[in-house]
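Asker: On the provided structure of chain A, position chains B and C as indicated by the hints.
For the protein sequence lines, the chains are A, B and C, in the order given. Under my numbering, the first sequence has 25 at position 25, and the numbering climbs by one with no breaks. Under my numbering, the second sequence has 49 at position 49, and the numbering climbs by one with no breaks. Under my numbering, the third sequence has 632 at position 632, and the numbering climbs by one with no breaks.
Rather than coming from a laboratory, the hints here were simulated on the basis of the structure. Treat the hints with care, since some could be wrong.
[Said to hold, decoys possible] Which residues of chain C face chain B? A few of them, derived with a C-beta cut under 8 Å, are: (1) Pro109; (2) Val110; (3) Lys336; (4) Lys339.
Predicted, not measured: the structure shown is a model, and the values here were computed from it. Virtual Cβ for every residue (Gly too), placed ideally from N, Cα, C.
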Amino acid sequence: MYQVNPQNNDKTLANELLTQETKETIESWLAKYPSDQRRSAVIGSLHAAQEQNGGWLSKEIMQAVAQYLEIPAIWVYEAASFYSMFFTKACGKHKVSICTNISCMLNGAEKIVDHAEKSLGIKLGETTEDGQITLVKEEECIAACVGAPAILVDEHYHENVTPEELDKIFKKLGGEK
Amino acid sequence: MKMFKYLKSLTLKELLKGMTVTGKYFFKRKFTIRYPEEKTPKSDRFRGLHALRRYENGEERCIACKLCEAVCPALAISIDSEQREDGTRRTTKYEIDLFKCIYCGFCEESCPVDSIVLTDIHEFHFETEGRNVLDKQQLLAIGDLREKEVAECRQNDSEYR
Amino acid sequence: MSEQKTIPDNMVRIEIDDKEMIVPRGSMVIEAADNNGISIPRFCYHKKLSIAANCRMCMVDVEKVPKPLPACATPVMPDMKVYTKSKRAIDAQRNVMEFLLINHPLDCPVCDQGGECELQDISMGYGRGVSRYQDEKRVAIDEDIGSLISTEMTRCITCTRCVRFLEEISGTDELGGIGRGDRTQIGTMVGRSVDSVMSGNVIDLCPVGALTNKPFRFKARSWEMMSANGISMHDAIGSNLFYHTRKGEILRTVPRDNESLNEAWISDRDRFGVLGQNGDDRILKPMIKQAGVWSEVDWPKAMDFAVKKLQSTSGKDTTVLTGSQSTNEEYFLLSKLFKAMNCDNLDYRLNQSDFSQPHNIPRVDLDLNGVKDNQQIVIIGSNVNHEQPILAHRIRQAWLKNDAQVSVFNAKDYGFRFNIFHNYIANQIEWVKGLGSLAHCVADLTKVKLTGEVGEWIDNQATDENLNHLAKQLINKDNNALFVIGQVANNHPQAGLIKAIVEWLADNTDGKVYEMACGANSVGAEICGVTSNTNAADLINSKSKSFVIYQAENDDFNRMQLAHETFDKADSVVVFSSFADKNMKEVADVILPIGLASEVAGSFFNNFLENQKFKPAANLPKEAKPGWRVLRVLGNMLNVDGFDYDDISEVMAEVDALSTKRKASFQPIEVTHLNVDGLVLHTETAIYDVDMLSRRSNALQETIHASNDCLSLNSSEAEKLKLENAMPVTLIQGDYSVELFINIDESIPTGSVFANKCVGLRSDVLEVEVRGESS
Numbered sequence: 001m002y003q004v005n006p007q008n009n010d011k012t013l014a015n016e017l018l019t020q021e022t023k024e025t026i027e028s029w030l031a032k033y034p035s036d037q038r039r040s041a042v043i044g045s046l047h048a049a050q051e052q053n054g055g056w057l058s059k060e061i062m063q064a065v066a067q068y069l070e071i072p073a074i075w076v077y078e079a080a081s082f083y084s085m086f087f088t089k090a091c092g093k094h095k096v097s098i099c100t101n102i103s104c105m106l107n108g109a110e111k112i113v114d115h116a117e118k119s120l121g122i123k124l125g126e127t128t129e130d131g132q133i134t135l136v137k138e139e140e141c142i143a144a145c146v147g148a149p150a151i152l153v154d155e156h157y158h159e160n161v162t163p164e165e166l167d168k169i170f171k172k173l174g175g176e177k
Numbered sequence: 001m002k003m004f005k006y007l008k009s010l011t012l013k014e015l016l017k018g019m020t021v022t023g024k025y026f027f028k029r030k031f032t033i034r035y036p037e038e039k040t041p042k043s044d045r046f047r048g049l050h051a052l053r054r055y056e057n058g059e060e061r062c063i064a065c066k067l068c069e070a071v072c073p074a075l076a077i078s079i080d081s082e083q084r085e086d087g088t089r090r091t092t093k094y095e096i097d098l099f100k101c102i103y104c105g106f107c108e109e110s111c112p113v114d115s116i117v118l119t120d121i122h123e124f125h126f127e128t129e130g131r132n133v134l135d136k137q138q139l140l141a142i143g144d145l146r147e148k149e150v151a152e153c154r155q156n157d158s159e160y161r
Numbered sequence: 001m002s003e004q005k006t007i008p009d010n011m012v013r014i015e016i017d018d019k020e021m022i023v024p025r026g027s028m029v030i031e032a033a034d035n036n037g038i039s040i041p042r043f044c045y046h047k048k049l050s051i052a053a054n055c056r057m058c059m060v061d062v063e064k065v066p067k068p069l070p071a072c073a074t075p076v077m078p079d080m081k082v083y084t085k086s087k088r089a090i091d092a093q094r095n096v097m098e099f100l101l102i103n104h105p106l107d108c109p110v111c112d113q114g115g116e117c118e119l120q121d122i123s124m125g126y127g128r129g130v131s132r133y134q135d136e137k138r139v140a141i142d143e144d145i146g147s148l149i150s151t152e153m154t155r156c157i158t159c160t161r162c163v164r165f166l167e168e169i170s171g172t173d174e175l176g177g178i179g180r181g182d183r184t185q186i187g188t189m190v191g192r193s194v195d196s197v198m199s200g201n202v203i204d205l206c207p208v209g210a211l212t213n214k215p216f217r218f219k220a221r222s223w224e225m226m227s228a229n230g231i232s233m234h235d236a237i238g239s240n241l242f243y244h245t246r247k248g249e250i251l252r253t254v255p256r257d258n259e260s261l262n263e264a265w266i267s268d269r270d271r272f273g274v275l276g277q278n279g280d281d282r283i284l285k286p287m288i289k290q291a292g293v294w295s296e297v298d299w300p301k302a303m304d305f306a307v308k309k310l311q312s313t314s315g316k317d318t319t320v321l322t323g324s325q326s327t328n329e330e331y332f333l334l335s336k337l338f339k340a341m342n343c344d345n346l347d348y349r350l351n352q353s354d355f356s357q358p359h360n361i362p363r364v365d366l367d368l369n370g371v372k373d374n375q376q377i378v379i380i381g382s383n384v385n386h387e388q389p390i391l392a393h394r395i396r397q398a399w400l401k402n403d404a405q406v407s408v409f410n411a412k413d414y415g416f417r418f419n420i421f422h423n424y425i426a427n428q429i430e431w432v433k434g435l436g437s438l439a440h441c442v443a444d445l446t447k448v449k450l451t452g453e454v455g456e457w458i459d460n461q462a463t464d465e466n467l468n469h470l471a472k473q474l475i476n477k478d479n480n481a482l483f484v485i486g487q488v489a490n491n492h493p494q495a496g497l498i499k500a501i502v503e504w505l506a507d508n509t510d511g512k513v514y515e516m517a518c519g520a521n522s523v524g525a526e527i528c529g530v531t532s533n534t535n536a537a538d539l540i541n542s543k544s545k546s547f548v549i550y551q552a553e554n555d556d557f558n559r560m561q562l563a564h565e566t567f568d569k570a571d572s573v574v575v576f577s578s579f580a581d582k583n584m585k586e587v588a589d590v591i592l593p594i595g596l597a598s599e600v601a602g603s604f605f606n607n608f609l610e611n612q613k614f615k616p617a618a619n620l621p622k623e624a625k626p627g628w629r630v631l632r633v634l635g636n637m638l639n640v641d642g643f644d645y646d647d648i649s650e651v652m653a654e655v656d657a658l659s660t661k662r663k664a665s666f667q668p669i670e671v672t673h674l675n676v677d678g679l680v681l682h683t684e685t686a687i688y689d690v691d692m693l694s695r696r697s698n699a700l701q702e703t704i705h706a707s708n709d710c711l712s713l714n715s716s717e718a719e720k721l722k723l724e725n726a727m728p729v730t731l732i733q734g735d736y737s738v739e740l741f742i743n744i745d746e747s748i749p750t751g752s753v754f755a756n757k758c759v760g761l762r763s764d765v766l767e768v769e770v771r772g773e774s775s
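Just chain A, same shape as in the assembly:
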């Protein structure tokens, strides 16, 4: 049997920080798994928490998620630090991930990166001054090789991206200088 070590009953952070909406999302995720496998809901819960927290996961909100799921806080932190779609440091409102893996690279992803860096005036991994756009550092393959070069903007795919198209996207996001 899969045993979770007993957790502290303290639920203060979970009650204080998580909104009703987030809690409902977490509950819907929990319902998908067997009741003794609450750890399975951690990714869904972190997505909800990240959305609630303005696009990134603070230490406190990760703890709140752990309290809500009744799993060790370190498990939540492990998951949050593992996946590139979770941000454990404050970042911009919109996240732009430019794939630089083999297919995209061969189709000119580096040009796209250069253009993005130039037009926003920031390097990969940084956030624009107005806090609108973050260029995600070193995004691995986003499974859109068919439309390389591909980028991911707030969970939306843009395929066959050209610098001109990128400008349009940035304009829409409101981060162009």
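Answerer: Quick look at chains B and C alone, frame taken from chain A:
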């Protein structure tokens, strides 16, 4: 026979023979040197008195890894170590008993940071009991005194190390 | 000759390196190899932890398998042929080694693990002389995870042994793998510390120098140290240890495997407690006090002085009080000496307050390996995790592996690392009543008639639905029940009653009892006869003219102030001790410096009555002498017969001959009724305050488990009293008052306040008053 020998001695043949040798060497190149005014040249690998070296910025090299202590066949080295205030590993005691030391140079060979070295100083003596044990301050002082020579020797020898 | 050996169903025949072996079905190749003396290199595999198979060092070649397989995660198959030294296996191992060394710094000369490093050893066998890697190496930032473990995470090879230890063995989930891929680092949940009471074991587990012993940091190299066998000086499990000494000084402690006691682990108290040996107030020379002035003297003079003091009063007027950290031999000679002098005032139970149960060897009906066979475990009045961490580990394993159900009767929710079946947390008076209710339920279910005063008391306790449920489980024939009695119960003013109820429960549920002994060797003190018809509490209150205090100090007594006053008033106080604090120096007349158990030869009885002998590990400091020698000379000087020992083995032989038979079970006793209006005090000795040695271990005192001057109570009580966190208050117990700071802690039940005993409180007076600043 005795008579013959006696007569032969009168010719001073032996004396002349000896004098010939003396005379020959009198004009040959001299081997002896007038120590201590004169000294023979020493190898870069000469193993004399020990020293602890420093880096150019004045920081002691020794990191208290105790490999020299472990390798010393005569158990002449004894080291105590501790964490210094800045968090680095340093010796609090570094002593070499020169009576025990056999000048094999293993300590120098084992040192990962070239801290303990054997200098070319070979003229030293002790007048009081206990002075045969060199402590860390003395070893560092010797190192400071001879740093230039030590560095030069290591540089010359670096090709063969 | 086709002689087919019959192989039992649960075994399989395999070959490793052409060596035939029959091994249990389902075991892993690496286990089979280990048990048959074939060495396979490994980092992440550990026999006591789950299998992670993430270091890939144990790659072996299996016949008919196209790729090398990790030996730690490959179960044995019938007629499997494994080659650990074939070219494919060695190539795989060499390649893994090269990858592991890519990011490992070459700082062995400054690394404390150097010389005992698994990575060093294995790289000697499988590593390349020169690295082919030329790019930048990974660097990790070190976290401060407490005062016991120092971190150097750049050296980490992410074998996750520490993560698995804290998750599986200690159950605290404090470390995890942060990040991914080559950037994975072992870390805490942002800036937390590792607070498990067994945390020190990760130091031994770490195959590299990433987690090392902080107090030991940079002190010595593994090859300069001598190893000496030792026995734990802090709890009665009697964990087996190795002391590592350099020039006669103990620098660190590591566990010595003993499957029946501590397995491969030791608690932090056993690991770091001995560092208290260098406490500031260590007595290095015999000292005598004349006209209020202390002077250091030589041994003959001090002994003469002590003899004069002892002879000035008759044996009947002398009281002997001992701590629980000395060897059997010392207890034996002490008892022999003073009983020959007609002294009948000896006791070691300094911290106990209720003596209605007479002197007895603690009842333990099973050994540690038997703990896992119990389906129902009831912990009664014990912070078992702090009192005997190894027992807590065993109970946890019983819960984890055998689905044991653990119930608790306590005055505080200690947050045990196992799920609690029935959690009865109430104040010091109420939980005893709860235990009575449980007994009542059992009596109702089994229809056993309750007799005697205790029976009557049990009968008066209300039954309760939840406890009835537990009682049903306890009397169930399929369930083995185990009752664990701890120090909170032992030092409880109703200790006798609690023990009587437990005895009754065990008898009527066919259960077993595990009564924790206090300190490391109180069992030895009991067996060796540091017993008399009077008890420690009465002795402290008596008008004895002369006191002999043996390896004990003020903090060891339940009533510290009274002890101090009594000693102050006495005509003479002869102290045999390794340490003497200010309080002791105020009252003592002569202090004879004796060695700690780690510095003398001797033996300890553990909770299971095993007599474990040991030799001196460390040198005695300066002029300190082994206690048994001092007592031997004292015996001769006082003209007592039978003190002509030449060697400790003669004393050991006499100790061996002593009976270790337990007297009949707990006596039926008179019930003391407790009644308190208002707040009930719960005070207990903190984990690192159990003896003079652990009190002086700085590393332990810097952990979060160290005692503090806090008064803990839950938020609802705090609200009632209008108190806030960190507010200074005065706690009044009888005529004693102490300034404490409020700590709001929900683990304290309503109606109860909690404080550490070392602030001067006594455990037998439960009535206290809390005064805030304003009032």
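Asker: Does each hint hold? Answer for all of them.
Answerer: Hints and how they fare:
no., hint, in the structure
1, Pro109, "holds (3 Å)"
2, Val110, "holds (5 Å)"
3, Lys336, "violated (43 Å)"
4, Lys339, "violated (47 Å)"
The earlier numbered hints that this structure contradicts are 3, 4.
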